[in-house]
Amino acid sequence: MKKIFLYTIMAVVAFTMQSCLHDNDDVFEQSAAERIDAAVTNAEEVLVSAQNGWVLHYYAGQEYAYGGLNLAMKFKDGKVTMYQQGAIDNNDNYITLTSTYKFTRDQGPVLAFDTYNDFLHSWGDPMAANAPTDVDGWEADYEFVVMNISEDQNTITLKGKKFGNKMLMERLNVSPEEYFNEADVVASAFDYYSKLNYRKDGKKARFMNDGSEFTIQYLDEEDNILEMTVPFTYTNNGVLFNQPIELYGQTISGIQVNIETAEDGTISVTGFQLKDDASQVLTEPNDPNEIFAKYNWYVAASNLGTVAKAGFEKFVESCATNEKEVVEYMYLGTYTYRNTKYYGLAFKSGRYTGCTTVGVDADFADGNKITFTPDELVSNATWYTNNDFYGEATDPYFNTFNIEYDNDAAPTKVTLTDVNNPENVIILTTEEITTPAEK
Amino acid sequence: MKKLYIMLLAVVTAFSFTACSDDDKPGGQSIFPTEPTTKYDKFEQWLLENFTYPYNIEVLYRMKDVEIDHSYTLTPADSAKCAKLAIIVKYLWFDAYAEVAGSDFVKQNVPRTLQFIGSLAVNNNGTVVMGTAEGGYKITLYNVNNLDATSGAYAVPLSNYQALNDWYFTTLHHEFQHILNQKKPYPTSFDFISEGEYKSGDWYQYSTESYALPHGFIRNYAMAEPREDYAELYSQYLTNNDDLWAQKMAYAGPEGRAIIEEKVAHIRNYMRDNWNIDLDQLRHAVQRRASEYLSLDYENLN
Numbered sequence: 001m002k003k004i005f006l007y008t009i010m011a012v013v014a015f016t017m018q019s020c021l022h023d024n025d026d027v028f029e030q031s032a033a034e035r036i037d038a039a040v041t042n043a044e045e046v047l048v049s050a051q052n053g054w055v056l057h058y059y060a061g062q063e064y065a066y067g068g069l070n071l072a073m074k075f076k077d078g079k080v081t082m083y084q085q086g087a088i089d090n091n092d093n094y095i096t097l098t099s100t101y102k103f104t105r106d107q108g109p110v111l112a113f114d115t116y117n118d119f120l121h122s123w124g125d126p127m128a129a130n131a132p133t134d135v136d137g138w139e140a141d142y143e144f145v146v147m148n149i150s151e152d153q154n155t156i157t158l159k160g161k162k163f164g165n166k167m168l169m170e171r172l173n174v175s176p177e178e179y180f181n182e183a184d185v186v187a188s189a190f191d192y193y194s195k196l197n198y199r200k201d202g203k204k205a206r207f208m209n210d211g212s213e214f215t216i217q218y219l220d221e222e223d224n225i226l227e228m229t230v231p232f233t234y235t236n237n238g239v240l241f242n243q244p245i246e247l248y249g250q251t252i253s254g255i256q257v258n259i260e261t262a263e264d265g266t267i268s269v270t271g272f273q274l275k276d277d278a279s280q281v282l283t284e285p286n287d288p289n290e291i292f293a294k295y296n297w298y299v300a301a302s303n304l305g306t307v308a309k310a311g312f313e314k315f316v317e318s319c320a321t322n323e324k325e326v327v328e329y330m331y332l333g334t335y336t337y338r339n340t341k342y343y344g345l346a347f348k349s350g351r352y353t354g355c356t357t358v359g360v361d362a363d364f365a366d367g368n369k370i371t372f373t374p375d376e377l378v379s380n381a382t383w384y385t386n387n388d389f390y391g392e393a394t395d396p397y398f399n400t401f402n403i404e405y406d407n408d409a410a411p412t413k414v415t416l417t418d419v420n421n422p423e424n425v426i427i428l429t430t431e432e433i434t435t436p437a438e439k
Numbered sequence: 001m002k003k004l005y006i007m008l009l010a011v012v013t014a015f016s017f018t019a020c021s022d023d024d025k026p027g028g029q030s031i032f033p034t035e036p037t038t039k040y041d042k043f044e045q046w047l048l049e050n051f052t053y054p055y056n057i058e059v060l061y062r063m064k065d066v067e068i069d070h071s072y073t074l075t076p077a078d079s080a081k082c083a084k085l086a087i088i089v090k091y092l093w094f095d096a097y098a099e100v101a102g103s104d105f106v107k108q109n110v111p112r113t114l115q116f117i118g119s120l121a122v123n124n125n126g127t128v129v130m131g132t133a134e135g136g137y138k139i140t141l142y143n144v145n146n147l148d149a150t151s152g153a154y155a156v157p158l159s160n161y162q163a164l165n166d167w168y169f170t171t172l173h174h175e176f177q178h179i180l181n182q183k184k185p186y187p188t189s190f191d192f193i194s195e196g197e198y199k200s201g202d203w204y205q206y207s208t209e210s211y212a213l214p215h216g217f218i219r220n221y222a223m224a225e226p227r228e229d230y231a232e233l234y235s236q237y238l239t240n241n242d243d244l245w246a247q248k249m250a251y252a253g254p255e256g257r258a259i260i261e262e263k264v265a266h267i268r269n270y271m272r273d274n275w276n277i278d279l280d281q282l283r284h285a286v287q288r289r290a291s292e293y294l295s296l297d298y299e300n301l302n
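Going down the list, the protein sequences come from chains A and B.
Taken in order, the first sequence gives residues 1 to 439; the numbers are from our numbering.
Taken in order, the second sequence gives residues 1 to 302; the numbers are from our numbering.
One or more of the hints may lead you astray.
[To be verified] To give a feel for the contact side, a few chain B residues facing chain A, derived at Cβ under 8 Å:
hint: 1; residue: 61
hint: 2; residue: 62
hint: 3; residue: 65
hint: 4; residue: 67
hint: 5; residue: 73
hint: 6; residue: 75
hint: 7; residue: 77
hint: 8; residue: 118
hint: 9; residue: 120
hint: 10; residue: 124
hint: 11; residue: 127
hint: 12; residue: 145
hint: 13; residue: 154
[Unchecked claim] Covered stretches of chain A (in silico footprint by chain B; criterion: 3 or more residues with CB under 8 Å from a CB of chain B, positions within the stretch not fixed):
hint: 14; stretch: 99–108
hint: 15; stretch: 112–118
hint: 16; stretch: 126–134
hint: 17; stretch: 392–402
In short, the hints are calculated from the structure, not lab data.
No residue lacks a Cβ here, since even glycine has one placed at the ideal position from N, Cα and C.
Start from the sequences, fold in the hints, and give me the full structure.
Written as structure tokens, this is what we have:
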């Protein structure tokens with residue numbers, strides 16, 4: 001009997017303890033439903049408030065696999081009018097397409113473009129032209145969770161509901177047409193300067209642009225070269241990465257370009273810097289091995305070490321005895337044949353020219369190192385290789401060298417020293433040398 | 001001792017009553033908006049007047065993520081194409097049933113929701129879904145954005161009645177027959193006509209012309225299972241004009257044709273006995289409307 005009472009009391013106590021678990025104080029002043037309602041109302045007000053609309057840096061593909069493009073959107077009365085960068089009609093006017101949008105409430109406020117708009121939905125069509133997947137088109141979203149609206153209401157972070165890419169929407173201060181025209185100029189600047197160097201506290205990296213993504217080379221502690229790629233879109237003042245990257249502890253979300261337009265309309269690029277840190281400039285690559293490609297480098301017999309000299313003389317002699325010709329010049333640089341430009345070791349013997357094309361591998365880790373490799377024989381190079389030992393004249397160049405200029409800024413002379421054979425030293429000059437065998 | 005326990009119990013119980021007397025008031029504001037927020041545009045107003053009010057149907061042309069099949073990657077329908085499709089569907093389908101069976105029949109039996117999807121729904125085996133019906137309340141039509149397109153493998157030119165049938169109307173009649181069957185099951189004697197010939201999921205590996213028709217199926221998909229056979233034959237019989245039907249019967253040959261006609265007779269009886277609909281009268285109405293629909297105004301909503 002006693003036990004029963006004890007158990008009863010224990011049971012009652014136990015129930016008593018449970019009964020208040022639901023009595024938590026509210027963390028928020030409003031209920032979840034009220035808060036999501038407020039969020040939706042706010043998001044919609046912000047969207048509609050932009051007179052010039054918004055630019056959406058739009059990405060397709062799981063993990064941004066298929067790159068980004070720019071769409072502009074104006075929101076009004078449940079309708080959205082879209083522009084796509086570059087989509088112009090025959091009169092060079094931007095094409096606009098109008099469809100509907102709505103906000104729904106599921107994972108927070110969701111912005112859904114719920115009727116077809118070719119600029120947006122064509123990517124998501126399962127049968128989209130040239131689509132990389134069988135049934136998912138370009139893996140492109142058209143319903144977005146509103147993740148964040150910035151304090152100043154100038155940027156909105158969206159996240160694709162199905163494929164999960166995060167994308168940025170920026171309030172436009174100019175018309176979409178004007179923004180896209182500016183972005184086109186920016187694109188041509190980045191196209192021209194497709195390689196940019198980053199230097200900070202002895203650390204170095206190189207940004208290489210292929211038009212839709214940057215490949216960034218950088219070094220680890222042991223100077224091993226590492227690479228990362230980051231897709232981007234153009235803005236009216238630079239490029240914006242799909243997501244910020246980390247480089248040597250610095251967060252980088254994009255690159256800005258400074259462009260000046262002269263009175264006569266000439267556009268000039270005056271510099272590049274990080275979007276997140278204007279003091280961190282990016283410059284054109286200027287490693288010794290990068291400077292090398294800008295000049296034609298001439299050979300003179302007296303400038304060649306024993307290794308290169310022996311091959312060169314054999315070639316000159318054969319031209320004299322076999323072909324009754326004088327070698328007029330030999331240089332490492334650009335050679336044009338039938339309207340095609342080649343880079344390589346070119347020569348002229350009598351009235352015949354030819355070129356052994358050369359692959360150049362500039363060492364990113366050690367900017368003073370350069371490697372040349374033979375590629376193909378162009379024009380008369382085949383004849384002179386088969387009959388006159390041109391191959392022996394060029395062979396000594398196909399090695400890895402240390403580079404040294406007489407003057408880094410405006411070099412007239414470079415000394416190449418074979419890293420594996422100190423006997424193989426080649427000095428080349430920018431000054432044009434004729435009849436090199438005698439010089 | 002016993003008393004002590006009882007008192008203890010009483011005390012504990014008493015305390016337990018007070019513990020939860022906090023603010024358990026019913027919540028303040030409703031979570032649903034109380035102000036009417038919907039503004040109808042011209043097309044939506046037209047849908048209300050032509051579908052919702054007369055037939056008690058919602059036309060879901062704006063994509064609503066809770067209504068779509070998430071196993072497919074889909075795109076929304078173009079609103080201009082939806083307007084055209086709605087005009088044709090009303091004329092060729094709803095009005096045809098209303099003409100023959102009366103508007104009450106339509107109101108009572110057609111699905112409550114008609115959903116338009118812009119893209120195709122593509123299966124992993126490469127086949128495409130032409131339409132779906134869910135539990136009698138919703139029919140979904142795909143490939144709406146190819147309506148009035150002039151080129152491409154899935155184009156549905158407005159003037160091409162056969163393409164309209166292939167993409168939209170056979171689906172509508174087919175799914176509607178499923179709904180009717182769910183409300184009043186057809187006699188199971190139908191299932192025995194082609195018993196043992198059904199191919200379930202492998203149907204698409206057979207040709208309609210060289211295999212399905214000679215075996216007494218109107219289309220390869222009809223070989224999936226008896227109820228699909230039933231719905232597909234019904235929809236093809238209604239939508240095929242005389243020439244097309246004759247062509248198919250030529251492929252079928254005497255044996256196939258006899259089986260198909262036995263099945264049509266079965267459906268004819270079912271429609272008459274259960275729904276008081278004369279199948280051939282309905283077919284006649286559908287065919288007459290098919291010869292007239294091109295003269296409708298597709299540029300304005302009237």
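Taking the hints in turn, this is what the structure says about them:
1. With 8 Å as the threshold, the beta carbon of residue 61/B comes within range of chain A, its nearest partner Cβ sitting at about 7 Å, so the hint holds.
2. Given the 8 Å rule on beta carbons, the hint for residue 62/B holds: about 4 Å separates it from the nearest Cβ of chain A.
3. The beta carbon of residue 65/B comes within 6 Å of a beta carbon in chain A, closer than 8 Å, and the hint placing it at the interface holds.
4. For residue 67/B, the shortest C-beta to C-beta distance to chain A is roughly 11 Å, which exceeds 8 Å, and the interface hint is violated.
5. Taking 8 Å as the C-beta contact cut-off toward chain A, the hint placing residue 73/B at the interface holds, the least distance being around 4 Å.
6. The restraint placing residue 75/B at the interface with chain A holds, with a minimum CB-CB distance near 4 Å, inside the 8 Å limit.
7. The restraint placing residue 77/B at the interface with chain A holds, with a minimum CB-CB distance near 6 Å, inside the 8 Å limit.
8. For residue 118/B, the shortest C-beta to C-beta distance to chain A is roughly 5 Å, which falls under 8 Å, so the interface hint holds.
9. With 8 Å as the threshold, the beta carbon of residue 120/B comes within range of chain A, its nearest partner Cβ sitting at about 6 Å, so the hint holds.
10. Interface restraint check for residue 124/B: the shortest CB-CB distance to chain A comes to about 6 Å, inside 8 Å, so the restraint holds.
11. Taken as an interface hint, residue 127/B does not check out: its beta carbon lies about 11 Å from the nearest beta carbon of chain A, beyond 8 Å.
12. Given hint, residue 145/B at the interface with chain A, holds; its Cβ is 6 Å from that chain's nearest Cβ, closer than 8 Å.
13. With a cut of 8 Å, the hint placing residue 154/B at the interface with chain A holds, because the nearest CB-to-CB distance is about 7 Å.
14. Remark: the stretch 99–108 of chain A is confirmed as covered by chain B, as 5 of its residues place a Cβ nearer than 8 Å to a Cβ of that chain, reaching the required three.
15. Check on the stretch 112–118 of chain A: 5 of its residues sit with their Cβ under 8 Å from a Cβ of chain B, so the three-residue criterion for coverage holds.
16. Coverage of the stretch 126–134 of chain A by chain B holds [criterion: at least 3 residues with CB-CB distance below 8 Å; count 3].
17. Check result for the stretch 392–402 of chain A against chain B: violated, 0 residues qualifying (beta carbon to beta carbon below 8 Å, three or more required).
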